[in-house]
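Engineer: Protein sequence lines correspond, in order, to chains A and B.
According to our numbering, the first sequence is numbered sequentially starting from 1.
According to our numbering, the second sequence is numbered sequentially starting from 1001.
Hints are computed from structural coordinates only; laboratory data are not their basis.
Some hints could be false.
Unchecked claim - Partial list, derived from the structure: chain A residues whose beta carbon lies under 8 angstroms from chain B:
1) E15
2) I19
3) L20
4) L21
5) L25
6) T34
7) I36
8) V52
9) Y55
10) I56
11) M62
12) L72
13) S74
14) A75
Claimed, not checked - Here are the computed distance ranges between Cβ atoms for each label pair:
15) A1060/B - R69/A: 19 to 27 angstroms
16) V26/A - K1201/B: 25 to 33 angstroms
17) G1187/B - E60/A: 18 to 26 angstroms
18) D53/A - V1070/B: 38 to 46 angstroms
19) R57/A - V1070/B: 24 to 32 angstroms
20) S74/A - E1124/B: 23 to 31 angstroms
21) G1187/B - S74/A: 53 to 61 angstroms
22) A1060/B - V26/A: 49 to 57 angstroms
23) D53/A - S1020/B: 43 to 51 angstroms
What the hints assert, rightly or not - Residues of chain B clear of chain A, computed beta-carbon distances all greater than 10 angstroms:
24) T1019
25) T1081
26) E1181
27) D1188
28) E1222
None of the values given here were measured: they were computed from a predicted structure.
Cβ atoms here follow ideal geometry from the backbone N, Cα and C, with glycine treated the same way.
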Amino acid sequence: MTTPILPGASGGLAEALNILLDKGLVIDASVRITVIGIEILAIEVKVIIASVDTYIRYLEAMQRLEAQRRQLDSAVPTPPPASQGIAGAFGILPPVPVGVAMAPAAAPQAQVVAADIEQQQ
Amino acid sequence: MSTASPSLRGNSTDDLKGTSLLLHGVVRADHPSAGRVVTWQDLAMVVSDWHQPTREDAVAHLEMLGKLVVDGPVVPLRFGTTATDEESVCAEVLAASAPRLRGLLDRLDGLVELHAYLKFDEDEALRMVFDEHTVTWQETGGLDLSTRIRLGEKVAQQLVTWRRTRSDELLAAVSAVAVDEVALPEGDHTEERRAFLLPHKEVEPARAAITALASIAGIGAECVAPLPAYNFLTEPKETSSDSRWGW
Chain A
1 MTTPILPGAS GGLAEALNIL LDKGLVIDAS VRITVIGIEI LAIEVKVIIA
51 SVDTYIRYLE AMQRLEAQRR QLDSAVPTPP PASQGIAGAF GILPPVPVGV
101 AMAPAAAPQA QVVAADIEQQ Q
Chain B
1001 MSTASPSLRG NSTDDLKGTS LLLHGVVRAD HPSAGRVVTW QDLAMVVSDW
1051 HQPTREDAVA HLEMLGKLVV DGPVVPLRFG TTATDEESVC AEVLAASAPR
1101 LRGLLDRLDG LVELHAYLKF DEDEALRMVF DEHTVTWQET GGLDLSTRIR
1151 LGEKVAQQLV TWRRTRSDEL LAAVSAVAVD EVALPEGDHT EERRAFLLPH
1201 KEVEPARAAI TALASIAGIG AECVAPLPAY NFLTEPKETS SDSRWGW
């Protein structure tokens, strides 16, 4: 943005004025017809500085959102894959003989139990 | 120089000795509500006494032209255009470019410019951009400043793309009745500014549609109209190269 801020107006009109101040029909240089302009150079420098600050702010916002997403992902338990074993056990299990009794347990414990059974066999 | 208080430059007071008129815009000579004018045949230049222009004068200039365009076409002049006397207005502006001015007045008859300013909530807009892209941002923390700036600039570009697409959707009803439209100079990345050239009768429905957007969470909406067609002064096709005009 290279347009100056004019506090003589308010709200949308001030914004329109900032946009339109350097627009309109211009008559080429003439002895009797002249155009006087508005100084804007000082503002352009400020805009460049503001842009760098803004870019960093955007990047930091993205990093925050990424952190939030990861936090959210880790807070939600991953649904276990389809049961492949006995009593809800999962993982790569060898076929379990029919008739082997196993106590109902949480998934990780069931995996251990299943491994123990395999060793015993 | 303070940014809040721009000064006028280009001509010192000494340079402007002999200047007596500030020129505002060209209208038809039979324009019903033009105030002080310098008339030449069917054309008239709206003028006021010259003095060193102030910010308040710039506001008054725009307000005046906005009122005039309701009653007839206006070709706005760049604010700060001055003339030494009425004779020079007739000879160097109106008579010298009469065909072109008449062409513009005819083309703009019944049309006005409307500005729509949309301001999107930055947090909300960034979240939308984040959700749209599958980039991983977690590993960027240890990068040097120039790389971080470049990545931030990329986010800004994505933000602008999202904003334009969203604005297309929100302003579709205004676009549908507009004769023409242009994007106005960029402000913040979350601010959309557009100018529409509309039939005068469409201004109020368009204003209602735009201001209604402000009721949507995360969106600020403002409408400024009617304005003279500053952004639609397309020069008619030139056959000669001796133009006296710049745009």
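Engineer: Compare the structure with the hints numbered earlier in the document and write down the numbers of the violated ones, lowest to highest.
Structural biologist: Per hint list: 12, 13, 14, 15, 19, 21, 22, 24, 25, 27 and 28 violated.
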